[in-house]
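Visitor: So the sequence lines, in the order shown, correspond to chains A and B. For the first sequence, the positions run 0 to 339 when numbering that gives the first Met the number 0 is used. For the second sequence, the positions run 0 to 58 when numbering that gives the first Met the number 0 is used.
Among the clues, some could well be false.
Unchecked claim - With beta-carbon atoms standing in for the labels, derived distance ranges:
| # | chain 1 | residue 1 | chain 2 | residue 2 | range |
| --- | --- | --- | --- | --- | --- |
| 1 | A | F99 | B | V16 | 32 to 42 Å |
| 2 | A | A319 | B | G34 | 31 to 41 Å |
| 3 | A | R183 | B | N54 | 27 to 37 Å |
| 4 | B | G34 | A | M129 | 28 to 38 Å |
| 5 | B | A52 | A | S159 | 37 to 47 Å |
| 6 | A | V54 | B | A22 | 47 to 57 Å |
| 7 | B | L9 | A | Q191 | 40 to 50 Å |
| 8 | B | A51 | A | L190 | 50 to 60 Å |
| 9 | A | G285 | B | G34 | 45 to 55 Å |
| 10 | A | P336 | B | V16 | 45 to 55 Å |
| 11 | B | R5 | A | P253 | 48 to 58 Å |
| 12 | B | G34 | A | V54 | 16 to 26 Å |
| 13 | B | T29 | A | F265 | 21 to 31 Å |
| 14 | A | G240 | B | N54 | 39 to 49 Å |
Derived by calculation from the structure, the hints in this document are not laboratory data. All residues carry an ideal CB built from backbone N, CA and C; glycine is no exception.
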Amino acid sequence: MTTLSTPPPGSTNRTSASSDASDVFEASKQAPSAASSRRGVARVPVRRRGDTRFVLACLLPALVLFAVFMAVPTVNVFRMSLYTWSGFSPDMRFVGLDNFRRLFDDDQFVRAFQNTVALLVVVTVVTMGMGLFLAAIMTRQRLRGRNLYRFVLYIPNVLSVVVIAATFSAVYDQENGLLNGALRLLSLDGLQQVWLGNQKVVLYSVAIAMLWQSLGYYMVLYMASMSSVPEELYEASALDGASAARQFFAITLPLIWQSLSTTLTFFIMSAVNLSFVLVRAMTGGGPDGSSEVLLSYMYKQAYTNSSYGYGMAIGVVIFAFSFLVSLLVSRATRREPLQF
Amino acid sequence: MKESTRTAVLAAARTLVAAACVALVVTARTTVGWGHLLVMLAGLAGLLALLAAYNRRFR
């Protein structure tokens with residue numbers, strides 16, 4: 000686990016990300032004269048022109064790929080949001096911010112936005128909470144067969160999202176589905192639902208599939224972080240009379256905070272994308288748009304409704320929202336790393 | 000008030016506020032409209048504020 004964010008006293012920043020191959024090469028040549036460096040004689044690395052060219056040549060393919068597949072499409076999303084275009088014809092008309100004004104009168108957009116926020120909050124809270132809880136149990140409690148549990152919980156992450164969507168569509172099937180079948184078996188017929196056809200429950204049916212898909216992955220990540228916490232800390236706190244819950248909040252949580260912070264930011268971004276794939280494969284946004292999320296609505300507008308410019312305006316809103324929430328989460332969870 | 004009691008009360012209050020924020024998001028979703036969307040975003044902001052408040056003493 001990375002520990003200190005500041006370099007130890009007396010060290011230089013030679014191995015920082017900004018140093019390049021020539022610096023390392025020069026540093027290796029200067030190694031015998033380390034004693035003189037310690038006496039305070041500063042040596043400036045000599046950067047040769049050939050080295051710089053070699054580094055640039057190595058970076059060029061990655062930079063070109065980044066520009067072609069990331070930078071240009073992103074700029075195009077912003078640009079196209081100012082135009083009205085069917086997506087096929089050569090006629091593009093500049094309309095300024097009209098596409099964004101249309102968003103204010105679009106109830107379907109508002110509903111998709113509400114569904115996205117609901118999924119983001121509910122799935123994130125439940126996934127992170129359950130992931131931490133299960134990881135703590137599997138790491139701290141010596142459960143018999145815990146490797147099997149870990150394997151079973153991790154499997155959904157290996158599966159394709161479309162396979163998961165098909166599996167859950169079968170589970171939620173009204174007549175022959177596993178869920179309604181189990182409820183019938185337990186004589187709980189009153190609880191039976193049309194899980195993917197009822198406007199009130201359809202979004203939560205999708206949320207459960209999202210949770211099932213991502214829980215194992217985050218649990219394994221937290222387990223890896225927790226297993227690196229020194230056992231002596233738990234032994235010392237147990238001698239002081241700390242309960243398991245107290246140990247979790249006072250030792251485990253602070254020591255895995257960096258991992259928690261990173262995964263939380265990562266999950267928020269991936270949840271927006273995952274919700275699109277699952278909604279698209281399970282419900283298509285229905286019934287009557289009640290499970291529509293922002294990305295699926297954008298896709299519909301841009302590629303089915305032939306309103307490419309309007310779709311890109313929705314894309315800009317998604318970008319701004321995801322960016323803002325990720326930034327706020329990153330700021331809210333920022334903490335000085337602990338050394339252990 | 001004893002330190003341990005204070006900590007327990009604070010933890011309970013935080014849990015209640017977090018549950019209230021999630022409940023706000025879930026209940027506001029049932030009606031479509033900009034006002035309800037803002038309520039949901041307020042719930043999300045409440046959760047983030049709670050996270051920041053918990054994390055503040057460790058910075």
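Visitor: Indicate, hint by hint, whether the structure satisfies it.
Guide: Verification of the hints:
no.: 1; hint: F99(A) x V16(B): 32 to 42 Å; in the structure: 34 Å, holds
no.: 2; hint: A319(A) x G34(B): 31 to 41 Å; in the structure: 20 Å, violated
no.: 3; hint: R183(A) x N54(B): 27 to 37 Å; in the structure: 47 Å, violated
no.: 4; hint: G34(B) x M129(A): 28 to 38 Å; in the structure: 32 Å, holds
no.: 5; hint: A52(B) x S159(A): 37 to 47 Å; in the structure: 40 Å, holds
no.: 6; hint: V54(A) x A22(B): 47 to 57 Å; in the structure: 55 Å, holds
no.: 7; hint: L9(B) x Q191(A): 40 to 50 Å; in the structure: 43 Å, holds
no.: 8; hint: A51(B) x L190(A): 50 to 60 Å; in the structure: 39 Å, violated
no.: 9; hint: G285(A) x G34(B): 45 to 55 Å; in the structure: 25 Å, violated
no.: 10; hint: P336(A) x V16(B): 45 to 55 Å; in the structure: 28 Å, violated
no.: 11; hint: R5(B) x P253(A): 48 to 58 Å; in the structure: 19 Å, violated
no.: 12; hint: G34(B) x V54(A): 16 to 26 Å; in the structure: 55 Å, violated
no.: 13; hint: T29(B) x F265(A): 21 to 31 Å; in the structure: 30 Å, holds
no.: 14; hint: G240(A) x N54(B): 39 to 49 Å; in the structure: 27 Å, violated
Violated hints, listed in ascending order, are 2, 3, 8, 9, 10, 11, 12, 14; each of the other numbered hints is respected by the structure.
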